[in-house]
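2 protein chains.
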Amino acid sequence: MSKKISIAIDAMGGDNSPDKTLKGIKLFIDKIKYNSDIVLNIFGKEEIIKEKINKYKINSNIINVINSDTVVSDEESPMTAVKNSKNTSMWNCIKHQLDGKSDISLSAGNTGVLLVISRMILKMMNEVNKPALAGLWPNQNGMNVVLDLGANIECSDQNLVDFAELGSALYKSLFPNEKPKVSLLNVGSEEMKGTEILKIASKRLKNLSSEENFIYNGYIEGNNIMSGQSNVIVTDGFTGNIALKTAEGTAKFITKNLRKSLTENFISKISLIFSYFSLKKFKDKLDPRKYNGAIFLGLNGPVVKSHGGIDAIGFYHSIDLCYKIVKGDLMSEIKKNLKHSKSVQE
Amino acid sequence: MSKKISIAIDAMGGDNSPDKTLKGIKLFIDKIKYNSDIVLNIFGKEEIIKEKINKYKINSNIINVINSDTVVSDEESPMTAVKNSKNTSMWNCIKHQLDGKSDISLSAGNTGVLLVISRMILKMMNEVNKPALAGLWPNQNGMNVVLDLGANIECSDQNLVDFAELGSALYKSLFPNEKPKVSLLNVGSEEMKGTEILKIASKRLKNLSSEENFIYNGYIEGNNIMSGQSNVIVTDGFTGNIALKTAEGTAKFITKNLRKSLTENFISKISLIFSYFSLKKFKDKLDPRKYNGAIFLGLNGPVVKSHGGIDAIGFYHSIDLCYKIVKGDLMSEIKKNLKHSKSVQE
Chain A
4 MSKKISIAID AMGGDNSPDK TLKGIKLFID KIKYNSDIVL NIFGKEEIIK
54 EKINKYKINS NIINVINSDT VVSDEESPMT AVKNSKNTSM WNCIKHQLDG
104 KSDISLSAGN TGVLLVISRM ILKMMNEVNK PALAGLWPNQ NGMNVVLDLG
154 ANIECSDQNL VDFAELGSAL YKSLFPNEKP KVSLLNVGSE EMKGTEILKI
204 ASKRLKNLSS EENFIYNGYI EGNNIMSGQS NVIVTDGFTG NIALKTAEGT
254 AKFITKNLRK SLTENFISKI SLIFSYFSLK KFKDKLDPRK YNGAIFLGLN
304 GPVVKSHGGI DAIGFYHSID LCYKIVKGDL MSEIKKNLKH SKSVQE
Chain B
4 MSKKISIAID AMGGDNSPDK TLKGIKLFID KIKYNSDIVL NIFGKEEIIK
54 EKINKYKINS NIINVINSDT VVSDEESPMT AVKNSKNTSM WNCIKHQLDG
104 KSDISLSAGN TGVLLVISRM ILKMMNEVNK PALAGLWPNQ NGMNVVLDLG
154 ANIECSDQNL VDFAELGSAL YKSLFPNEKP KVSLLNVGSE EMKGTEILKI
204 ASKRLKNLSS EENFIYNGYI EGNNIMSGQS NVIVTDGFTG NIALKTAEGT
254 AKFITKNLRK SLTENFISKI SLIFSYFSLK KFKDKLDPRK YNGAIFLGLN
304 GPVVKSHGGI DAIGFYHSID LCYKIVKGDL MSEIKKNLKH SKSVQE
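First to last, the protein sequences are chains A and B.
According to our numbering, the first sequence is numbered sequentially starting from 4.
According to our numbering, the second sequence is numbered sequentially starting from 4.
Any given hint could be a false lead.
No copy labels: a pair is met if it fits in one copy or bridges any two.
To be verified - Below, computed lysine-lysine pairings styled on DSS-like, alpha-carbon distance capped at 27 Å:
1. K184 x K338
2. K182 x K259
3. K338 x K133
4. K327 x K293
5. K263 x K338
6. K255 x K182
7. K29 x K6
8. K255 x K196
9. K272 x K286
10. K34 x K283
11. K89 x K196
12. K126 x K196
13. K184 x K259
14. K86 x K196
15. K288 x K48
16. K259 x K272
It is worth saying that the hints were derived from the structure and are not from the lab.
Here chain A stands alone, though its shape is the one from the complex:
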């Protein structure tokens, strides 16, 4: 019998937790109930969590509640996190993972603190210089992996090459039937464009491009991130963060104005009756909750950060993401990629 997939969940992080997290857990369990190969290790105040499990009538067969009396505060800075976060629900998740009792950790709590304590407890992989935050982003053909989204404000060419390896491994674990196609985000597609660091990284990625590893597609501009021509978009954390948030802001601006237009008068309101199902499908496709979960890559184990303000459905999607990452054996994919790179004479 194969080993069970074991997910450590910090039930206390983020807005409206643990109600939000436990409702998300219920959604997940209801969808995968036929599957007994999963264990959810839930960290938080045991009494409260058990009360919520009863309240929301959660099937607790695959649940394992582990008491943690304290919670990481939203005001905590990464600087003091190590001192003040010991034995919090977040800390205990990562510790559980380090001890081999969970395969992955998930929290909707303080991002900075999660990054610091994950790195401190799980440690960096020997082959990787800096960890990266990767996210999912819709594209015309399905889904992109984009990294780094803000863990590293400044990056070397080595960091960008590492991110390509890590990101394409993540892509393979999530979409085992697809091929990762890597692009470097830049201000133009010609070779002469961009910073010196990008030019060196691009040359190195060209050498590493292969069927087993990833196909390198060259530079990509911001307007093509969602075109589907590449599905692993590599950039430094400053640019990635600006790009992701600009896309979010643009989407919000457009949908807000669209909603306003479609409800501004009686006639346009009638149109909503006829377009209800079509607009619902449109909205579903763009629903940010589906893309909830940033994956912390480069450590000796994967850690997922759920958006703090997301609701139960969003949290459900981040649990599902954890499940897919472990099922797709991300860590093996990463090791395969890195081994392949080392073997290539650049």
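With chain A held as given, fit chain B onto it using these hints.
Okay, now just chain B, sitting in the frame of chain A:
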């Protein structure tokens, strides 16, 4: 009598020119026909331009055609531009402006070449280190000025401070009844966020913030560019280019999927009958042609670059932009801002 507003237009640059540019000129003249305070100096092959003026029945009262036999090629690189672009329609526009015969130049031709020859002919202002490309971007309350959009891949804190001065002067010239509110684009709003260069620039902008100059609003994140809280968004050319193109790509992705949803079946098509006018208003607000025209700032005179692929309506908007810039006396606003800055003990 006040001096006429005189605009130099390169009729030959961009796709489908000179048809596109002359149709744009016709739209402009038709809208401002009551206004005899404007002169349009049109550069290109005289014979062809005069033929198009007849063909499109353009009122030529305020038109002055100036022959230029050659055109800057789209394949020309900025490196060889100076040698190969002399006496092209683009070159002659800028030269006309240098000679004081035009107040501003407009071209839809090769961006790199336009930047190089504008800088060479008009020269940098003494007070400014690097020129910037500024663009217009819709926000919830109206319009943003965003710069730099790609003229400078790497920027110092001094460049960013200059961009704030230039951008807020542009904002004042375009929207004389509004106050410029400057923000620096960053990965977070807290003081500790971002690169060292951003931190220094932010401190300096805080000192320069004043009622006459601009109000400095601190950092802004990508998701708030369009919120309207600030209206002059300052960033380096790499980040600005990525942000602008990512927003364009996101808008295109969303509207494409929306269109698909609303036309996928008979019922949803019916909805279009009822929402036609509302959707038209929505589309008009987001029409990228309205924001056509990047303004090259920091030289001894303003130069506007129209998107090469835009149609006649888009080109019309860039002529209108030139008109507003001169009417709003951009160069005086820039000088006022720079003088104020120099007088402030930082």
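Evaluated hints:
1. K184 x K338: within (18 Å within a copy, 49 Å between copies)
2. K182 x K259: between (35 Å within a copy, 25 Å between copies)
3. K338 x K133: within (16 Å within a copy, 45 Å between copies)
4. K327 x K293: Within one copy, since 14 Å is at most 27 Å while 44 Å is not.
5. K263 x K338: For K263 and K338, neither the intra-copy (49 Å) nor the inter-copy (41 Å) Cα distance is at most 27 Å.
6. K255 x K182: between (31 Å within a copy, 25 Å between copies)
7. K29 x K6: Within. Shortest intra-copy distance 23 Å satisfies the 27 Å Cα cut-off; inter-copy 73 Å does not.
8. K255 x K196: between (31 Å within a copy, 24 Å between copies)
9. K272 x K286: Cα proximity of K272 and K286: in one copy and across copies (17 Å, 17 Å).
10. K34 x K283: within (21 Å within a copy, 41 Å between copies)
11. K89 x K196: Classified as between; 25 Å across copies, 46 Å inside a copy.
12. K126 x K196: between (35 Å within a copy, 24 Å between copies)
13. K184 x K259: Intra 33 Å, inter 23 Å, cutoff 27 Å: inter-copy only.
14. K86 x K196: between (45 Å within a copy, 22 Å between copies)
15. K288 x K48: Intra 36 Å, inter 50 Å, cutoff 27 Å: neither.
16. K259 x K272: Both: 15 Å inside a copy, 22 Å across copies.
Checked against the numbered hints above, the structure violates hints 5, 15; every other hint is satisfied.
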